[in-house]
Amino acid sequence: MAKETEAAAGAWGLSLLGWLVPGAGHVGQGYVWRGVLVGATVWFLYVLGVMLGGHFYSLFDRSEGLLSNVFGFCNLGSGLIYLASMWLGVGVEDQARLETAEYGNIFLMVAGLINYLLALDAFDLKVGRKH
Amino acid sequence: MKHFLLMVLFAAVVAIPFGVVGREGAQDKLRYGLKVFIEFLGVGLALAWLLYFIP
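Residue numbers (the numbering used here), protein chains in the order written: chain A, 1 to 131; chain B, 1 to 55.
Watch out, some of these pointers could steer you wrong.
Okay, derived cross-link-like pairs now, DSSO-like style, lysine-lysine, Cα gap no bigger than 30 Å in a straight line [said to hold, decoys possible]:
| # | chain 1 | residue 1 | chain 2 | residue 2 |
| --- | --- | --- | --- | --- |
| 1 | B | Lys29 | B | Lys2 |
| 2 | B | Lys35 | B | Lys2 |
| 3 | B | Lys29 | A | Lys130 |
| 4 | B | Lys35 | A | Lys130 |
From the structure, some residues in chain B lie toward chain A, with a derived Cβ separation under 8 Å [as the list claims (entries may be wrong)]:
| # | residue |
| --- | --- |
| 5 | Leu6 |
| 6 | Val8 |
| 7 | Glu24 |
If you anchor each label on the Cβ, the simulated ranges turn out as follows [as the list claims (entries may be wrong)]:
| # | chain 1 | residue 1 | chain 2 | residue 2 | range |
| --- | --- | --- | --- | --- | --- |
| 8 | B | Lys2 | A | Val92 | 21 to 27 Å |
| 9 | A | Trp33 | B | Leu34 | 27 to 33 Å |
| 10 | B | Ala46 | A | Val70 | 42 to 48 Å |
| 11 | B | Leu47 | A | Phe60 | 29 to 35 Å |
| 12 | A | Leu16 | B | Gln27 | 30 to 36 Å |
| 13 | B | Glu24 | A | Leu59 | 33 to 39 Å |
| 14 | A | Lys130 | B | Val8 | 28 to 34 Å |
| 15 | A | Gly128 | B | Asp28 | 16 to 22 Å |
| 16 | B | Ala26 | A | Asn69 | 24 to 30 Å |
| 17 | A | Leu16 | B | Glu24 | 19 to 25 Å |
| 18 | B | Leu34 | A | Leu16 | 30 to 36 Å |
| 19 | A | Gly128 | B | Phe53 | 47 to 53 Å |
| 20 | B | Lys2 | A | Leu37 | 25 to 31 Å |
Don't read these hints as lab results, they were simulated from the structure. Where is the CB? At the ideal position from N, CA and C, for every residue including glycine.
Could you build the full structure based on these sequences and the hints that come with them?
Structure (structure tokens):
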């Protein structure tokens, strides 16, 4: 029983790590190349999203009604990337004048959603549901 | 053309983690990643044509 609790705690810890740093949840379990590859895709989507003129939504943003909160939740999935960007002011300005700004927003949101998926995958790997 | 290339790039980049997470075994991962990539493109093009006829 204590062993199971310990394994679950480890899985939650790795999942949290994976959310904070994309791919780290996999790297921390020895799946180095898998972690690097999927982490790189999140970073790539983030960089491209910002370059295209996308911006992060705050969790408490109400500029587009309730949808803004949903967008903010999607963006939060990027973990430290999101928190650091909000803190440093990178990619937080709405650049609607750019024709690719909407694409940029989608790239940023999908980066966050994929990172949620990766964090859950790291959890599954740790508890032995996957290999 | 720029929009289409962005769609292809998006489909390719998103298909990678889907392939990695969605299946087990290298060959199954690759096959599933390719399937997701093609599906993204197919649905994107189908929606584009559909929306073309909607004013």
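Quick one, are B:Lys35 and B:Lys2 close enough, alpha carbons at most 30 Å?
Given that 30 Å is the threshold and the Cα spacing comes to 23 Å, the pair holds.
Consistency of beta-carbon spacing, A:Asn69 to B:Ala26, with hint 24 to 30 Å
The hint (24 to 30 Å, Cβ to Cβ) is violated, given that B:Ala26 and A:Asn69 are roughly 40 Å apart.
Given a hint of 33 to 39 Å, does the C-beta separation of B:Glu24 and A:Leu59 actually sit inside it?
Given a distance of about 35 Å, which is inside 33 to 39 Å, the answer is holds.
Can you let me know if the beta-carbon spacing of A:Gly128 and B:Asp28 is within 16 to 22 Å?
holds, 19 Å
Regarding B:Lys2 and A:Leu37, is the given constraint of 25 to 31 Å on their beta-carbon distance met?
holds, 27 Å
Are the Cα positions of B:Lys35 and A:Lys130 separated by 30 Å at most?
holds, 21 Å
Assessment of proposed distance window 29 to 35 Å (beta carbons of B:Leu47, A:Phe60)
For B:Leu47 and A:Phe60 the Cβ distance comes to about 32 Å; the hint holds.
Evaluate the given range 21 to 27 Å for the C-beta pair formed by B:Lys2 and A:Val92.
holds, 25 Å
Do the Cβ positions of A:Gly128 and B:Phe53 conform to the proposed distance bound of 47 to 53 Å?
At 50 Å between Cβs, range holds.
Could you check the hint for me, namely that A:Lys130 and B:Val8 are 28 to 34 Å apart, CB to CB?
holds, 29 Å
Look at the Cβ atoms of B:Leu34 and A:Leu16 and judge whether their distance stays inside 30 to 36 Å.
32 Å Cβ-Cβ, so the 30 to 36 Å window holds.
Tell me if B:Leu6 is really an interface residue toward chain A, meaning its C-beta lies closer than 8 Å to one of theirs.
holds, 6 Å
In the structure shown, a violation is registered for the earlier hints numbered 6, 9, 10 and 16, in ascending order.
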